[in-house]
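Peer 1: Residue-level listing of the chains:
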Amino acid sequence: MKSQQALNILLGIYIFIFFAYLFGPLVIMSITAFNSAEFPSVTPWECFSFRWFNEGKIAYDGQHLAGLATDWRLHEGLITSLKIGLGVVLLAVPIGLAAALVLTQVHSRFRTAFYSISIMPVLFPGVIIGISTVVLWDRIATMGGGGLATQLGRNGIFLTILAQTCFISTYCFLIFVARLQRFDQTQEEAALDLGANQTQVFFKILIPYMMPAIASSCVIAFLASFENYNTTVFSILSDQTLTTVIASKVRLGISPAISSLALVIILITLVVTILYEVLRRREDKKKKEFEAEALFAQTSGSRLRKAEKNGLKMPKSIFSILFVVVVCIFGFNKMVEKGLYGSTCIAATEKQKKSNFADQLKLLQKNAEKANQISSENGDAGEKKEFDSIFGDPNLFKDFGGFDSKAQEQD
Amino acid sequence: MNYFFNKNGPLISTYLIISIGFWLVFLIIIPQLYMFDLSFRPNIPSLLRGGPDDVYTLTHYKHFLFGSETSGESYNYVDVGVFKDTLLIAVLITFINLCFCYPIAFYIAKVASANTARLLIVSLIIPFWINELLRSFALRILFAGEGFINNVLIKLGLIDNGINFIAMDVALYTGLNYAYILLMIFPLYNAMDTLDKNQLEAAEDLGSSMLKTHFRIVIPHAKAGIASGCTMVFMLTAGALATPVVLSSPNTFWFTQLIYQWFNMNDNWPRGAAYSVMLLSVSVVFVLLMMKIFKVKIGEIVR
Amino acid sequence: MSADVELQNVSVSFGNFYAAKNVSVKIEKGEFFSFLGPSGCGKTTLLRAISGFSEPSDGKILIGNQDMAGIGANKRPTSLIFQNLALFPLMSVADNIAFSLEVRGTGKVQRRKRADELLELVALTGQGDKKVHELSGGQRQRVAIARALAIEPEVLLLDEPLSALDLKLRQKMRTELREIQKRVGITFIYITHDQGEALTMSDRIAVMNQGELEQIGSCHNVYESPRTPFVATFVGENNAFYGTVSAVNGDMVNVSVDGTNYLAKAGSLGEGTKYTFKKNDKVIMFVRPESIFLKDQNNQADNVFTANLKAIEFEGNLKNIYMSIDGKQNVRCSVSNAIDTTDLSNSKKVELKFSSRDAVVLPVGPLAVD
Chain W
1 MKSQQALNIL LGIYIFIFFA YLFGPLVIMS ITAFNSAEFP SVTPWECFSF
51 RWFNEGKIAY DGQHLAGLAT DWRLHEGLIT SLKIGLGVVL LAVPIGLAAA
101 LVLTQVHSRF RTAFYSISIM PVLFPGVIIG ISTVVLWDRI ATMGGGGLAT
151 QLGRNGIFLT ILAQTCFIST YCFLIFVARL QRFDQTQEEA ALDLGANQTQ
201 VFFKILIPYM MPAIASSCVI AFLASFENYN TTVFSILSDQ TLTTVIASKV
251 RLGISPAISS LALVIILITL VVTILYEVLR RREDKKKKEF EAEALFAQTS
301 GSRLRKAEKN GLKMPKSIFS ILFVVVVCIF GFNKMVEKGL YGSTCIAATE
351 KQKKSNFADQ LKLLQKNAEK ANQISSENGD AGEKKEFDSI FGDPNLFKDF
401 GGFDSKAQEQ D
Chain P
1001 MNYFFNKNGP LISTYLIISI GFWLVFLIII PQLYMFDLSF RPNIPSLLRG
1051 GPDDVYTLTH YKHFLFGSET SGESYNYVDV GVFKDTLLIA VLITFINLCF
1101 CYPIAFYIAK VASANTARLL IVSLIIPFWI NELLRSFALR ILFAGEGFIN
1151 NVLIKLGLID NGINFIAMDV ALYTGLNYAY ILLMIFPLYN AMDTLDKNQL
1201 EAAEDLGSSM LKTHFRIVIP HAKAGIASGC TMVFMLTAGA LATPVVLSSP
1251 NTFWFTQLIY QWFNMNDNWP RGAAYSVMLL SVSVVFVLLM MKIFKVKIGE
1301 IVR
Chain C
2001 MSADVELQNV SVSFGNFYAA KNVSVKIEKG EFFSFLGPSG CGKTTLLRAI
2051 SGFSEPSDGK ILIGNQDMAG IGANKRPTSL IFQNLALFPL MSVADNIAFS
2101 LEVRGTGKVQ RRKRADELLE LVALTGQGDK KVHELSGGQR QRVAIARALA
2151 IEPEVLLLDE PLSALDLKLR QKMRTELREI QKRVGITFIY ITHDQGEALT
2201 MSDRIAVMNQ GELEQIGSCH NVYESPRTPF VATFVGENNA FYGTVSAVNG
2251 DMVNVSVDGT NYLAKAGSLG EGTKYTFKKN DKVIMFVRPE SIFLKDQNNQ
2301 ADNVFTANLK AIEFEGNLKN IYMSIDGKQN VRCSVSNAID TTDLSNSKKV
2351 ELKFSSRDAV VLPVGPLAVD
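First to last, the protein sequences are chains W, P and C. Mapping the first sequence onto the numbering used here, position 195 (from 1) lands on 195, and the numbers just tick up by one. Quick note: to get the numbering used here, add 1000 to the position in the second sequence (first position is 1). Quick note: to get the numbering used here, add 2000 to the position in the third sequence (first position is 1).
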């Protein structure tokens, strides 16, 4: 039917737009990481370079635009983020577990209320949680009179750990509740019946069962802490985490170093996702094989036969990976050909920009002289007209490459 | 209580009670109460707190409504305006988000084959592993005066000079929309997933148009998902800080940025607290409203 | 070492609902005792009360003459085998079995030794290192038993352990369980709804219905001298003839059923006493299908009656003959497969007989609903 076809085409376009919207900015950003230009851009493409991953560059106005490897602020922020992440995991996971356990034991009348309260932190805006933590501990610190309380209350890392724990515990709580729902209570009873005391039941029966949930809680808690900004920016006080450093770059200057950071994170995410998917598929396959074995054993002698194991099958994804590699190599060659790569290219561009700049200066000079001439001829005392004719030249500041602090020989 | 201790043994009971007590009382309730209390106190140096000058006052709330005593205007148009704008735009963005995400959620839940659906879901999740800040930066790179979009448009000859997307707030709105798509899609998807496909086929068989099917069958069924998605998106948008920091122009302000200003730049913590209380109240009211309108319980709203 | 278990007026209630009401029973040391009854009769509740998972709201539970009030499940000398077995899925078979030793701090070598002993006892030698899910249903049963016996409890409690198994396996396990019990000598308290199980394995049976104890006695006792219509129809098959008493003669009763007169025994109340009936009392006369014979069979019988044949059902070793008397009273008679029934047909009336010694008269009461 025609309308069905039209609908399908519309659907296709919609999905395409949707994913372009989702991935487009990220793809473009990744590309800008390799452009040696100062502002992240795809056009004009200066040179293909890794500089933003490494040493960065000194901008023309003297500002040091650091690359990933040399940005000490970024590194400090990263370490702080790791410390905070660790602290949050150590606090939030046990708290979430405790809350989930208590939920199963509370009288059914109180269950909804308890659940609602446990969920509340996620519904608070992050900034509120950060602010309230800071405000409270500031008061405690003041009352503490110089002792430990005062030190803690003014410590950004301590405060951030507390603030983040507040709502990250809820995430852990939800994960544990889901896992706990499928727990067979009779196992606990069996253990008790066999003489275990409650503590032994907890550690020998419950915790082993909860292990997968504990693992995923730790991961989720760490990631949530690591990437948090709204709460952290208030509670971190004088320290910095990775996210606050990134945010501060808005003021300090946007350079493709951010793109390179993003690309690194994207790649790590992709690798981890792919690894996880591969591992999971392998687990599933093993499980299926095992079940088939069991079935075969039980029905041995019947006409069911074990599926023949084929030789190592090539996963289809190999081809797409090969394709990408080939394209990359090809593109790379082309780039080197056109002289768009490497330090030679950079030097050439810099030179070009400086020669532009030198031209601009000359143009300026010429205009100034001309204006002087005209005004002295006309008897004007300069001012706006002169100004206009000097600086109003449309050729001025075209393709402005910016300043360079190193002294260069003139062209 | 006795029963509780018996059931869990002394060691574990202690652990449970301490953990939950610490969390509920110390991390959730007391900070909020204190912040609420602080919003009613004057802005005095911290050493003077608790002293004779520390009285209850409404000056901060008054300031929000009426502005400072020195300004000539009768109402604090700036602050109130920012508050109003933030909320209205958050609502607008929530609605746009809903419309934008609904078709794809439906597609993944009901139309796509199982493998396609999984692939789509995974590919949806990947961008959101990347920090909100970095994603906003990506948009900034796109929208900046020297950014990608402007460059392309100029190259194509469509415009002569760069369009200032940032000052026009286009960047900000797109960024806010972008940030929370996942949180709208997933509740919708989960809710729709439980809809029996046979119902759709039955409706089609009985002659219902696609629009009608959606309005009468799909949407009522996905009610909880819609409520959940809208609530989360609204609250995160109204309380967003990362995206406005990166994408807003000096002229626009998001309410959270106002709070930030009171705290870190003007060093007026009580005032910041007061504004925070207002933001929190709005969030709470919104959640309750959503629960009432859509008749969902709080447990269904959170993932 | 085994102990006796005594329940004194035990009631277990949840709010207003009584799961078990006023149950008193003394289970002897080393006995295989079964609680028999339909779902919801309270047997599981009693078992959990004896294990220590719930406290009775009334009455006392004594194990080995010691009052168990306030003593938690992990401190009682009982071991419970759950209906779903509750084996620990993350542990190996040997670890499962040795768990009770592990929590008492026994060393690894000793634990393994004991686990191997028990594996031999339940005929699972060498399976110690397997994981639970690698075993079949019957094997898991035996692991559960081995695990429960590891610390040599004084009382073993079994909650319908065979209900998940198929018929052949069930029959095999019945014999095995009985043998294990005889070998180990521990008191077994077994609950089931399957009266065949109860009858084959137990020394004594307690029949329960809706939280109350209907009868306690040996298997023969319960089968041949049921105390209530419920017991008469729950344990084994029974024909219920509704009638009125026409005459009483010491222990024998004349019952009139739809005009026909029969001679039967008065049912026993237990402890040697019998029911006393008066003329015109409404009663039910119970005669087991296997006690009703065809007229030309070689058995002594002083009661005769005729009926119309409805159907003959072949059950393998028996034939069930379904009949009705004048379209009102349904009767079932079971004969061995060896008996020739080819001359029975729907057109003729069947002539049957039974002995008054095989007929029991009880006051009217609810029957076991199938």
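Hints should not be assumed to be uniformly reliable.
[As the list claims (entries may be wrong)] Going by beta-carbon spacing under 7 Å, a handful of chain P positions derived as facing chain W:
#, residue
1, Ile-1012
2, Ile-1020
3, Gln-1032
4, Met-1035
5, Leu-1038
6, Asn-1131
7, Phe-1137
8, Ala-1138
9, Leu-1139
10, Ile-1141
11, Phe-1148
12, Ile-1149
13, Ile-1159
14, Gly-1239
15, Ser-1283
[To be verified] Across the chosen pairs, the derived CB separations fall in these ranges:
#, chain 1, residue 1, chain 2, residue 2, range
16, P, Leu-1153, W, Val-272, 49 to 59 Å
17, P, Leu-1088, W, Gln-373, 55 to 65 Å
18, C, Asn-2022, P, Lys-1007, 39 to 49 Å
19, W, His-107, P, Tyr-1077, 49 to 59 Å
20, W, Val-327, P, Val-1080, 35 to 45 Å
21, P, Val-1080, C, Asn-2016, 27 to 37 Å
Quick caveat, the hints were computed from the structure, so don't treat them as lab data. Virtual Cβ for every residue (Gly too), placed ideally from N, Cα, C.
Peer 1: Against each hint, give a clear statement of whether it holds in the structure.
Peer 2: A quick look at each hint next to the structure:
{"no.": "1", "hint": "Ile-1012", "in the structure": "5 Å, holds"}
{"no.": "2", "hint": "Ile-1020", "in the structure": "5 Å, holds"}
{"no.": "3", "hint": "Gln-1032", "in the structure": "5 Å, holds"}
{"no.": "4", "hint": "Met-1035", "in the structure": "4 Å, holds"}
{"no.": "5", "hint": "Leu-1038", "in the structure": "6 Å, holds"}
{"no.": "6", "hint": "Asn-1131", "in the structure": "5 Å, holds"}
{"no.": "7", "hint": "Phe-1137", "in the structure": "5 Å, holds"}
{"no.": "8", "hint": "Ala-1138", "in the structure": "4 Å, holds"}
{"no.": "9", "hint": "Leu-1139", "in the structure": "5 Å, holds"}
{"no.": "10", "hint": "Ile-1141", "in the structure": "5 Å, holds"}
{"no.": "11", "hint": "Phe-1148", "in the structure": "5 Å, holds"}
{"no.": "12", "hint": "Ile-1149", "in the structure": "9 Å, violated"}
{"no.": "13", "hint": "Ile-1159", "in the structure": "14 Å, violated"}
{"no.": "14", "hint": "Gly-1239", "in the structure": "3 Å, holds"}
{"no.": "15", "hint": "Ser-1283", "in the structure": "6 Å, holds"}
{"no.": "16", "hint": "Leu-1153(P) x Val-272(W): 49 to 59 Å", "in the structure": "37 Å, violated"}
{"no.": "17", "hint": "Leu-1088(P) x Gln-373(W): 55 to 65 Å", "in the structure": "59 Å, holds"}
{"no.": "18", "hint": "Asn-2022(C) x Lys-1007(P): 39 to 49 Å", "in the structure": "28 Å, violated"}
{"no.": "19", "hint": "His-107(W) x Tyr-1077(P): 49 to 59 Å", "in the structure": "52 Å, holds"}
{"no.": "20", "hint": "Val-327(W) x Val-1080(P): 35 to 45 Å", "in the structure": "55 Å, violated"}
{"no.": "21", "hint": "Val-1080(P) x Asn-2016(C): 27 to 37 Å", "in the structure": "60 Å, violated"}
When the structure is compared with the earlier hints, violations turn up for hints 12, 13, 16, 18, 20, 21 and for no others.
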